[in-house]
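First to last, the sequence lines map onto chains Y and B. With positions in the first sequence counted from 1, the corresponding number in this note's numbering is that position plus 5. With positions in the second sequence counted from 1, the corresponding number in this note's numbering is that position plus 630.
No wet-lab data here; the hints were simulated from the structure. Treat each hint with caution, since some may be false.
Said to hold, decoys possible - In silico DSS-like cross-links for lysine-lysine, where the CA-CA straight-line distance does not exceed 27 Å:
hint, chain 1, residue 1, chain 2, residue 2
1, Y, LYS120, B, LYS767
2, Y, LYS120, B, LYS669
3, B, LYS669, Y, LYS125
4, B, LYS737, B, LYS790
5, Y, LYS120, B, LYS737
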Amino acid sequence: MTESVKQRFESLVLAHTADLYRFAYWLCRERALAEDLVQETYIRAWKSLDNLKDEKASKPWLFTILRNEHIRQFKRNQPLLVDINETDLDRVEFAQMNTIDTDNSRAIQLHQALKQLPEKYYEPLVLQVMGGFSCDEIANQLGLTSGAVMTRLSRARMQLREIVNTDENAGLKDKIAV
Amino acid sequence: MKCEEFQLRCAANPDTDDSDYLEHMHTCGHCANYAAQMKAFDNDLAAAFRIDVPEDLADCILERHQSASKKPAIFGYPLYALAASLLLAMGITMYVLLQPGMLVLDKAVIAHIENELPHLVQQDNVQFAELNGIMNKIGGTLNSSLGKVNYAGTCHIRKKDAGHIVIPGETGPVTILIMPGETISKRQLIHTDQFKGVIVPSSKGSVAIIGEKNEPLDKIEDKIKNLINWI
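Using the sequences and the hints given, assemble the complete structure.
Here it is in structure tokens:
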């Protein structure tokens, strides 16, 4: 391993680990699995580092590797059982994940709403909001047209707002009933 | 641009700065309001996505990578030493490959308990029949009572079905995770700042027993090993 290749790899790890971990978490929603996915992504990236010709393309390149790895490892192994009392667990899970703002009820509400979003809308949204990718870049990663990505993104936001508003209205009704 | 198109583009990307989009926003109060609402919603969404990242993750990755990529110099080595090294490497690889997930199961177990802390303080007084109902769901039974059970339910660990039981220990609650999908070849010990535990192989999968730091777990381990029957 030459020093320059080592340095190149190190700068990739230092620059993109946080974003990759967050992307991995939002794909699999388990911290331990997310760490494994990031680890595996870098192993694969190391093996094919020669394929990365332009450093500016490193982020979408790594995200694509991680996404493929997620599909390969976990998608075929969906859980058969659903956790009891997910609301409480989400609250605990979110509080532990986010030590900066543990009482962010809006974020918890959105966290739960995201779970109800169909995957075809969910993934482009994660890539855009969390990954900071443009519609064209998302289209490249998902093998879609830009138009299709735009449609999915707009439907994603509209559905999310609808879910959140429905929840808020239900909460308001509960409060009135009490 | 029509309002309908503006709103679709806004929902697709509230940060759009195309000139025709901005022009419409400046001339239509209704759409300007829609864009402001969508932008505020997007800020909330971005905050919701911004989860904490383990502080040492990048360092751990680099450390593991460096230790994995340290290769001995081939030249100057006798051929038999090289062959022995290759055989050893193959043996280690097979050992790891034949035990799926062994390297991270302990981490997943602790993460699961930490994610489900409320179960540690539950006092459901679960009856034997109810406990066996839970066991049946993961393909097993208990052949006699486990004693007092404060919580029992099904869960998933590393996307695989598992049974989650909490019993009172000597120093605090003890969590028993029955994981039919997690096969290990030998007993593994777990030590963290807060917990102490063990993962033991079972005839189907494995069982984790995790208590507080000073909890004696041997008796519980012996008891649980003899109680589980797999269907």
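Verification of the supplied hints:
no. : hint                    : result
1   : LYS120(Y) <-> LYS767(B) : holds (24 Å)
2   : LYS120(Y) <-> LYS669(B) : holds (21 Å)
3   : LYS669(B) <-> LYS125(Y) : holds (22 Å)
4   : LYS737(B) <-> LYS790(B) : holds (15 Å)
5   : LYS120(Y) <-> LYS737(B) : holds (24 Å)
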